[in-house]
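There are 2 protein chains.
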Amino acid sequence: MNKHQKSFERLFKKHEKIVTLKGILSLLNWDQETYLPPGAIDVRSHQTAELTALIHKMKTQANFKNNLEELINLKTGKLKTQKLTDIQKKTLELMRKDYVKYAKIPVSFIHKISKTSALAINAWADARKKNDYKIFSPFLKKIIDFNLQKADFLGYEDHPYDALVDQFEPKMTAKKLHSFFQKLKPAIKNILDKIQKKQEPDTSFLDGPFSKDKQRVLAKVLLDHLKLDLSHSRMDESAHPFSTGIHPKDVRITTRIDKDLLSNITSILHECGHAFYERNLPIEYFGSPICESTSLSLHESQSRLWEVFIGKSFSFWKFFYPFVQKHFGSLENISLQKFCKAMNKVSPNFIRIESDELTYCLHIILRFELELEMLEKKIKAKDLPEAWNHKMKVLLGITPKTNAEGCLQDIHWSCGEFGYFPTYALGNVIAAQLFDTYTTLNATWERDLEDGNLDPIKNWLKTNIHRHGRYYSMDEIVKMTTKRPLSITSYIQYLNNKYARLYA
Amino acid sequence: MNKHQKSFERLFKKHEKIVTLKGILSLLNWDQETYLPPGAIDVRSHQTAELTALIHKMKTQANFKNNLEELINLKTGKLKTQKLTDIQKKTLELMRKDYVKYAKIPVSFIHKISKTSALAINAWADARKKNDYKIFSPFLKKIIDFNLQKADFLGYEDHPYDALVDQFEPKMTAKKLHSFFQKLKPAIKNILDKIQKKQEPDTSFLDGPFSKDKQRVLAKVLLDHLKLDLSHSRMDESAHPFSTGIHPKDVRITTRIDKDLLSNITSILHECGHAFYERNLPIEYFGSPICESTSLSLHESQSRLWEVFIGKSFSFWKFFYPFVQKHFGSLENISLQKFCKAMNKVSPNFIRIESDELTYCLHIILRFELELEMLEKKIKAKDLPEAWNHKMKVLLGITPKTNAEGCLQDIHWSCGEFGYFPTYALGNVIAAQLFDTYTTLNATWERDLEDGNLDPIKNWLKTNIHRHGRYYSMDEIVKMTTKRPLSITSYIQYLNNKYARLYA
Chain A
1 MNKHQKSFER LFKKHEKIVT LKGILSLLNW DQETYLPPGA IDVRSHQTAE
51 LTALIHKMKT QANFKNNLEE LINLKTGKLK TQKLTDIQKK TLELMRKDYV
101 KYAKIPVSFI HKISKTSALA INAWADARKK NDYKIFSPFL KKIIDFNLQK
151 ADFLGYEDHP YDALVDQFEP KMTAKKLHSF FQKLKPAIKN ILDKIQKKQE
201 PDTSFLDGPF SKDKQRVLAK VLLDHLKLDL SHSRMDESAH PFSTGIHPKD
251 VRITTRIDKD LLSNITSILH ECGHAFYERN LPIEYFGSPI CESTSLSLHE
301 SQSRLWEVFI GKSFSFWKFF YPFVQKHFGS LENISLQKFC KAMNKVSPNF
351 IRIESDELTY CLHIILRFEL ELEMLEKKIK AKDLPEAWNH KMKVLLGITP
401 KTNAEGCLQD IHWSCGEFGY FPTYALGNVI AAQLFDTYTT LNATWERDLE
451 DGNLDPIKNW LKTNIHRHGR YYSMDEIVKM TTKRPLSITS YIQYLNNKYA
501 RLYA
Chain B
1 MNKHQKSFER LFKKHEKIVT LKGILSLLNW DQETYLPPGA IDVRSHQTAE
51 LTALIHKMKT QANFKNNLEE LINLKTGKLK TQKLTDIQKK TLELMRKDYV
101 KYAKIPVSFI HKISKTSALA INAWADARKK NDYKIFSPFL KKIIDFNLQK
151 ADFLGYEDHP YDALVDQFEP KMTAKKLHSF FQKLKPAIKN ILDKIQKKQE
201 PDTSFLDGPF SKDKQRVLAK VLLDHLKLDL SHSRMDESAH PFSTGIHPKD
251 VRITTRIDKD LLSNITSILH ECGHAFYERN LPIEYFGSPI CESTSLSLHE
301 SQSRLWEVFI GKSFSFWKFF YPFVQKHFGS LENISLQKFC KAMNKVSPNF
351 IRIESDELTY CLHIILRFEL ELEMLEKKIK AKDLPEAWNH KMKVLLGITP
401 KTNAEGCLQD IHWSCGEFGY FPTYALGNVI AAQLFDTYTT LNATWERDLE
451 DGNLDPIKNW LKTNIHRHGR YYSMDEIVKM TTKRPLSITS YIQYLNNKYA
501 RLYA
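Residue numbers (our numbering), protein chains in the order written: chain A, 1 to 504; chain B, 1 to 504.
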């Protein structure tokens, strides 16, 4: 082994330790949402904070930096040796990218943000409970300022929002998002207008009650159908369903079991979409950033593909609906057509997470536009409720009666996060383009779903998306797989076709 | 704040970080035994190893040592300032004690032991499965040598065993153990001889079957009776029941649910005994070694007190038996007397963990004597089976038919642990002396148990044992609470009385 190879080995070992600790951090989070005794929540916060700080220290300490600098110029990104494999080169490139990003933000600033956001979360919860926006307003003001400072630390060319969204979706910009959303808005509004002239489908049979025990059994049947490998995964219950990748060999999902049958099913589909991605990461490179998902939007595209593109399709339900009927006698006389139409009902809702598939993106666009205007100081924190309600009226045609069901509904801003919401919309846009390609290339896709054969789509996603890890960017993966850059076209087409079919 | 106080604050923060990471390590272990997907066991081993190494590093690094040395002379233990509270002084004393112990053993030696023991565990499992002692023999040889080396590192005056047992029970020695066991052996043998002349009690009704679902319900009823605070605790299921203190505010137990009703009940009682100790540690000193249990034997005394001294008593069952009968119709016509006698049946067994209360300690004595002779080179590793079987015949009057049910039954030696087994016996000895005192001081103890009132004993244990944490040693706690040094007297008396009563 030459000098550089030895240096690489040392660096890799350091990074692998960091990745291992991050996996432990994920376990802390999983446990917190599933089995942690309620009285120990403050203990868990402390454990999480300590481990997070430790990981941050390891990522930014001189020891790591110097080792990295032996192999790559931190300023220019130029490698100091060519005697490395492609994988090693990519590993260094990604490590440098991460390091430069972490190192830009002073530790003291991170502490300040997390301290403020802890207080802001409390204030937000209180404000929402009391439906009193004033309690939260001063914290939002601080968070806007922090995000502007953060953008300055991170650097940007065009708009501070670019630096913020880049944290979640590398290279995404306000301009690109704006262009997507300007096309998406009229398309959705057009469909919505047409639908609102039609008769609402009957959804009364979805009100249940659906026994929780039977739902638990059905959840297992669904998991079995999806073939989530239970030797490396598990499913538990939590208030808010989530998935967590502790390691590619230990990926866990949760679902929520309440009266609502569909919430259980769509949660499992959504979280399995995430889990398949984590399970299929290139484990042979574990320890390198290559064995990570490439972006949040691409991750979300995987969950939305399963939840919506497959999970709300007629073909999927042609196979699975009989299993549901078998467990719930009340659905015995409800036809598959009626069930699918009810599941796909469109009706503007104040609450984002309770929204239908069509209007969901309008909620995201609303938040995106408000974030921009807040950063541009066009809206002051104290004036958010008015701006929110106005935009809600313009976009969705409804006005929340309270701020609790308006601008106080989401936790995200109180966590200090600006630039995160668009990844939810981008997930749909990417999923649409991927699904478009898949269905074009695989003529039998509907028959496969109807036969309950999910292997073709699972394998296709594994080969084309998951197995690349972070070797390619989201843009590159989309382009390689679909033979064109990411655009909004497939998504708009999909929505038009879908609702034309559903509402004749 | 003066210089020394500032120095203490810095040191305390470092130690608190270590303690927090140790709590996380406990969670990794808990998860491994409860919910970890089976295919991720190697991932978990790696995570555990990394975190353990990190903790060891933090405990022994120069940074910590120098800070400690600012306050206490590491060689003499003399404090460098008197301007500290009692608690601070004790904290330093314990930190020094731990540091000196850790620092005595070279890191390279620890690595060597853990590497060998990982291989030894595999070899042991293989040997047991194939009932082929030869597979394990060379590993035991290495482990004996390692333990002799370890004893040399740690230092001892009289016998290398003293250094080894001190790791688990500070200040315990081979001599003291020998003196206890020399009295205990004839006492147990005497009772055993008498019992073996009597008719065996009927235990057929304990064979079940007992529905697992009903056992799960009963487990919750028992937990409710014991008042384990579920806002800071929880109960799950695992193959081998255990308890784990992640933090005094997060203490978890497991039980095993199989056909055997009593195994479920005694597991819960045993693990709750441990859990009460962890829950009641002086949380106001969290971060200091004072907020730790004082020794393994004292811990075991708490579990045995609940499992055996309370949990096999007539008074406890007078209250609880009706609940059991309510759940299991097959016991409806079995009297309380008959049930208690069956539960307390004595019958020598090859397997330690399946042994009755009376002969259990003979299993420990057997292992203790063999460990001594192996360290003294009186028995060679290869000759263990013969020595084991001979001793088993002398002590218990039975001879295992295979090594799998003989000297290969326990995992402990393959883990590299010598000196651990005696803590199991000491737990009984301590529990007997404590229980003797409690029942002498509290005349209504039997009525309390019969009434289902466990608060008096719980409070007494909390005040006299748990709340001290590590401020006092096991010896000090026993002496303070029982007004005399630890001796074997109470235990022998208890056994004599108990079996005289049971077998008239």
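Hints were generated in silico from the structure; no laboratory data involved.
Hints may be right or wrong, so weigh each one.
One copy or two, either will do: identical chains are not told apart, so a pair holds if it fits within one copy or between any two.
Stated by the list, open to error - With a straight-line Cα cutoff of 30 Å, these simulated DSBU-like cross-link-like pairs (lysine-lysine) come out:
1) K176 to K115
2) K6 to K115
3) K112 to K3
4) K194 to K112
5) K194 to K130
Each hint tested on the structure:
Taking CA atoms no more than 30 Å apart as the test, K176 paired with K115 passes in neither setting, with 33 Å inside one copy and 54 Å between copies. With identical chains, the CA atoms of K6 and K115 are at most 30 Å apart between copies only, with a shortest distance of 24 Å across copies and 40 Å within one. In this homomeric assembly, K112 and K3 come within 30 Å of each other (Cα to Cα) only across copies, at 28 Å, whereas the closest approach inside a single copy is 41 Å. Proximity of K194 to K112 under the C-alpha cut-off of 30 Å is found in neither arrangement, the shortest distances being 49 Å within a copy and 74 Å between copies.
For the homomeric pair K194 and K130, neither the shortest alpha-carbon distance inside one copy (38 Å) nor that between copies (74 Å) is at most 30 Å.
When the structure is compared with the earlier hints, violations turn up for hints 1, 4 and 5 and for no others.
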